[in-house]
Structures are given as C-alpha cells and as structure tokens.
Amino acid sequence: MTLPFDPKQGLVIVRTELTGPSGNALLRFALDTGATGTIVNAGPLVAIGYDPALAPSRVQVTTGSGVEFAARVELMKLAALGQERLGFLVLCHTLPPSRGVWIGWIEVVPGVNCQGETRVELLETLRITLAEAVDLMPHPLALRSRFF
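Here the sequence shown stands for residues 397 to 544, numbered as in my numbering.
Don't read these hints as lab results, they were simulated from the structure. Beta carbons are placed, not taken as given, at the ideal position from N, Cα and C, and that holds for glycine. Some hints could be false.
[Stated by the list, open to error] Label-pair ranges, simulated between beta-carbon atoms: (1) I444 / L532: 38 to 48 angstroms; (2) V455 / G478: 20 to 30 angstroms; (3) L422 / T490: 11 to 21 angstroms; (4) P400 / S453: 31 to 41 angstroms.
Model the full structure from these sequences, guided by the hints.
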C-alpha cells in the first residue's frame, strides 16, 4: 500500500475510524512516526461506548503541563491507511481546552518531538531532546554538524 504525503507540509493528518461497543467514530489523527503509542481524546471514546473510568490499567504520561495518568483502553477495532487492527490499545487522555500548546519535531531524527506552553519553551525542549538523541547515536558527527 502506498499513500502519498509531503513531509514538508508539516503535520500529517490521517483519517481514522474507531469501533466501539455502541458505534463508530471517524477522527483525524496526527501521524507521529516516532511515537510509541496512540493517545485519543476521551470524548469520542465515550461517544462510542467506552468508559475510561472502568479501564483496568493506567499509564503514566508526561505532557507539557506535567505528569498524569491515562486510562489504557482496548478498542474493538481501529482502521486507518487501509489497515485494520482488532484489540488495538490506546491511551485515553484529553489535553486542556483552549490551551496554547506548541508542538514541534525534528524531521530528520525520528523520535525527537516535543511540546511546550510557549514557542521559546518548545525550542529549548527540542534543543535538549535533539542533543540527547544525537549523543545516543552510534555515529552522530554528521548530524551534530547540521544542528550545533
């Protein structure tokens, strides 16, 4: 399967369908190629029949506003990019509304993505995260000269 997108256009949005006990929801997800999990707003999950308060487990999540715990919810089905997954695990967490959260990433270094309450905070967090990622690379010299 091939789906074209232009990484220079910024955030990649993927239409995603979630199936729950009482229906379906068609949502727009931001694709993060460095993410290790999926976070879904509580509203759509509740609307299709899930109750995050009854989730058997919670996971610690670090956000721009601090450390919180998110319910781990097993979806009946998630469909996106022409693929379907049954029993897909997501974290249920809702960012505060009307909050100016800056989100950024370094395209050429997978996994370097951050958020901050201001542009200055975002850029500083990106610098720190990028430096840590480069230090962990087996051959970081080529990248080091591009960013520092």
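Worksheet item: CB of L422 to CB of T490, is that within 11 to 21 angstroms?
Response: 18 angstroms, holds
Discussion item. Can you tell me whether the CB distance of V455 to G478 sits inside 20 to 30 angstroms?
Written reply: 28 angstroms, holds
Worksheet item: Using the C-beta atoms of I444 and L532, is the stated range 38 to 48 angstroms upheld?
Response: 39 angstroms, holds
Worksheet item: Can the suggested window of 31 to 41 angstroms be confirmed for the beta-carbon pair P400 and S453?
Response: Roughly 37 angstroms apart at Cβ, these two residues keep to the hinted range, so it holds.
Going through the hint list in order, the structure satisfies each hint without exception.
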